Amino acid sequence: MKSKKKFVKWSLTFITLLLFLITIFPFFIVVINSAKSSLEIITDPISFPQKWSQLFTNIKTIWTSPSVKYASSVYNSVIITVFSLIFISVFSAMAAWVLVRRKSRSSTIIFLIFISGLIIPFQVVMFPLVSLFRNIYEVSGVKMLRTLYGMIFTYIGFGAPLAVFMFHGFIKSIPFELEEAALIDGCSKPQIFFMIILPILKPIFVTISILNAIWIWNDFLLPSLILGIGQDVQTIPLAIAGFAGSFVKKWDLIMTAVLMAAAPIVVGFIIGQKHIIKGMVSGSIK
Amino acid sequence: MKKQAKDKLVFWLFLAPALISFIVVVILPFFMGLYYSMTDWTAIAGVKPNWVGLNNYKSMFSNLAFQYSFIRTFIFTLISVISINLVSLTFAFLVTREIKFKNFYRAGFFVPNLIGGLVLGYIWQFIFKSVIPAIGGLFGINFLEELLLLADPTLTLFGLILAFTWQYAGYIMMIYVAALLNVPQELLEASEIDGANFWQKLWNITIPMIAQAFTITSFLTLVTSFKQYDIIVALTNGGPTDIYQGTVVNSTELLAMHIYNVAFKYNNMAEGQARAIIFFLVLSVVSIAQVYYNKKKEVEM
Numbered sequence: 000m001k002s003k004k005k006f007v008k009w010s011l012t013f014i015t016l017l018l019f020l021i022t023i024f025p026f027f028i029v030v031i032n033s034a035k036s037s038l039e040i041i042t043d044p045i046s047f048p049q050k051w052s053q054l055f056t057n058i059k060t061i062w063t064s065p066s067v068k069y070a071s072s073v074y075n076s077v078i079i080t081v082f083s084l085i086f087i088s089v090f091s092a093m094a095a096w097v098l099v100r101r102k103s104r105s106s107t108i109i110f111l112i113f114i115s116g117l118i119i120p121f122q123v124v125m126f127p128l129v130s131l132f133r134n135i136y137e138v139s140g141v142k143m144l145r146t147l148y149g150m151i152f153t154y155i156g157f158g159a160p161l162a163v164f165m166f167h168g169f170i171k172s173i174p175f176e177l178e179e180a181a182l183i184d185g186c187s188k189p190q191i192f193f194m195i196i197l198p199i200l201k202p203i204f205v206t207i208s209i210l211n212a213i214w215i216w217n218d219f220l221l222p223s224l225i226l227g228i229g230q231d232v233q234t235i236p237l238a239i240a241g242f243a244g245s246f247v248k249k250w251d252l253i254m255t256a257v258l259m260a261a262a263p264i265v266v267g268f269i270i271g272q273k274h275i276i277k278g279m280v281s282g283s284i285k
Numbered sequence: 000m001k002k003q004a005k006d007k008l009v010f011w012l013f014l015a016p017a018l019i020s021f022i023v024v025v026i027l028p029f030f031m032g033l034y035y036s037m038t039d040w041t042a043i044a045g046v047k048p049n050w051v052g053l054n055n056y057k058s059m060f061s062n063l064a065f066q067y068s069f070i071r072t073f074i075f076t077l078i079s080v081i082s083i084n085l086v087s088l089t090f091a092f093l094v095t096r097e098i099k100f101k102n103f104y105r106a107g108f109f110v111p112n113l114i115g116g117l118v119l120g121y122i123w124q125f126i127f128k129s130v131i132p133a134i135g136g137l138f139g140i141n142f143l144e145e146l147l148l149l150a151d152p153t154l155t156l157f158g159l160i161l162a163f164t165w166q167y168a169g170y171i172m173m174i175y176v177a178a179l180l181n182v183p184q185e186l187l188e189a190s191e192i193d194g195a196n197f198w199q200k201l202w203n204i205t206i207p208m209i210a211q212a213f214t215i216t217s218f219l220t221l222v223t224s225f226k227q228y229d230i231i232v233a234l235t236n237g238g239p240t241d242i243y244q245g246t247v248v249n250s251t252e253l254l255a256m257h258i259y260n261v262a263f264k265y266n267n268m269a270e271g272q273a274r275a276i277i278f279f280l281v282l283s284v285v286s287i288a289q290v291y292y293n294k295k296k297e298v299e300m
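In the order they appear, the protein sequences are chains A and B.
All the letters of the first sequence, read from the start, carry residue numbers 0 to 285 under numbering that gives the first Met the number 0.
All the letters of the second sequence, read from the start, carry residue numbers 0 to 300 under numbering that gives the first Met the number 0.
Rather than coming from a laboratory, the hints here were simulated on the basis of the structure.
From a predicted model like this one, the values you see are computed outputs, not experimental measurements.
Where a beta carbon is used, it is the ideal one built from N, C-alpha and C, also for glycine.
Hints may be right or wrong, so weigh each one.
Stretches of chain B that chain A covers, calculated by requiring three or more beta carbons in the stretch to come under 8 Å of a beta carbon on chain A [to be verified]:
#	stretch
1	171-181
2	219-229
For lysine to aspartate or glutamate, the following DMTMM-like pairs were computed, each having C-alpha atoms within a straight-line distance of at most 25 Å [stated by the list, open to error]:
#	chain 1	residue 1	chain 2	residue 2
3	B	K5	A	E179
4	B	K2	A	E179
5	A	K201	A	E176
6	B	K101	B	E185
Please build the complete structure, drawing on both the sequences and the hints.
Now the structure itself:
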């Protein structure tokens with residue numbers, strides 16, 4: 000009985016290890032091949048590189064190539080992600096708070112409009128959206144396409160429904176007495192929100208930011224429409240699509256670029272593992 | 000009176016940033032799209048679209064490329080939902096057992112989910128094109144050495160499903176893990192004393208206890224499979240070509256990509272928009288039906 004249990008335990012451990020190795024195999028392939036020259040990668044894609052220093056040569060090639068614009072893409076990806084995260088969270092929290100606290104028919108209707116955004120797939124709105132942005136430019140001169148602020152504005156709109164929904168659910172559970180006490184002490188409404196409510200919302204902020212960060216950092220279709228592949232303003236996925244899709248496949252450089260795109264996320268994940276897993280799972284269940 | 004007016008002002012001021020951007024980006028384009036789908040819209044500035052009624056919708060269903068894409072999307076979605084759920088459930092069972100380093104394994108299975116579809120599409124293209132033949136060569140397996148997976152319409156679809164399962168199973172696993180950890184240990188122990196074997200415990204206790212998780216995971220996998228775009232762009236870009244009822248079609252041009260191509264590659268904005276609306280309707284109906292069915296099952300269990 001005991002030896003049978005031990006056998007089961009060992010075979011389970013073995014199966015898990017095997018599946019784990021299969022899962023990380025693609026990462027292994029990326030790492031060993033990003034340190035190869037274009038010739039080496041064709042002749043032998045599965046052995047270790049002859050010299051690891053080739054990795055730095057490849058990184059330098061990508062980083063400095065004027066056609067790839069990798070450095071500015073990294074900068075743009077960071078700017079777009081950070082500002083979208085902040086604005087989505089703060090604006091949605093503001094909206095959710097007034098929607099919860101003001102009980103009227105208009106609050107209910109507006110909340111339902113936000114929720115409807117959760118079921119509208121991007122494909123239905125993408126063509127009219129681009130056309131609308133073009134019209135806005137012709138009428139007012141505000142350039143929404145191919146600019147950073149246009150991109151961030153678009154993310155606020157697409158990120159708002161889920162964020163409003165999640166904040167709404169959480170704010171409902173905050174006792175109103177807390178705000179009443181502050182009102183009696185002479186706080187104004189905006190003061191109450193920024194000094195009292197916002198700090199309480201911190202755990203939801205973390206969850207929403209993690210969900211949105213992964214979405215925005217990796218997003219491809221939306222920025223390809225708003226910013227355009229190969230245009231002035233590029234994000235990392237756009238830059239990779241631009242040079243991987245254009246010429247004869249330079250797999251050595253593609254693998255290096257893939258490594259450079261994936262490394263920051265994987266490192267970030269290792270640091271904030273617990274929060275990330277919890278945030279992503281609770282986000283899905285809601 | 001004055002206070003009430005001020006409250007109203009605060010209400011609209013706080014609402015404005017999120018509401019305005021949401022309306023401009025989602026709601027307005029949604030209604031514009033409904034209208035455009037019934038016109039001969041070209042998206043060329045200054046050209047006013049003409050009303051054509053339901054013509055774009057009527058022509059769609061007799062269009063062979065659309066029919067084909069529709070069928071392929073359903074096959075892809077069906078097999079993906081099954082494969083992702085099987086793999087993730089296996090992962091979840093393993094990492095909730097008494098094994099060493101289970102948190103480490105959990106994290107490992109989860110990591111592919113953080114990689115964007117575009118990036119991982121290129122990784123898998125390289126694996127299918129170079130790595131698998133090289134492995135075949137190393138071990139002298141002719142079949143693998145000569146396997147041109149991305150040249151065969153059927154195999155390519157399975158290649159896509161494999162890449163997508165690799166990306167998504169770790170995420171779905173986490174939902175199953177959360178559900179499995181909630182199954183009361185006493186119940187399992189009691190049944191063990193009564194002489195229940197592994198399969199009996201699985202079928203009669205564990206699966207009914209995680210029924211709610213099934214509703215969530217099948218909804219998520221269904222919707223995500225149906226909308227798949229990024230991985231396909233990088234892995235196959237719609238290819239290779241296939242013959243459907245005598246017409247040349249792109250074998251992995253699933254609906255999301257089909258809509259994009261009709262509008263931008265073949266310059267039929269209005270038809271692309273009409274197909275997008277059908278896409279939205281089918282997605283809503285299928286996902287609502289699925290949740291409704293599962294909820295009913297949940298109660299029965």
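Next on the checklist: If you test the structure against every hint from before, which numbers come out violated?
Outcome noted: When the structure is compared with the hints, none of them turns out to be violated.
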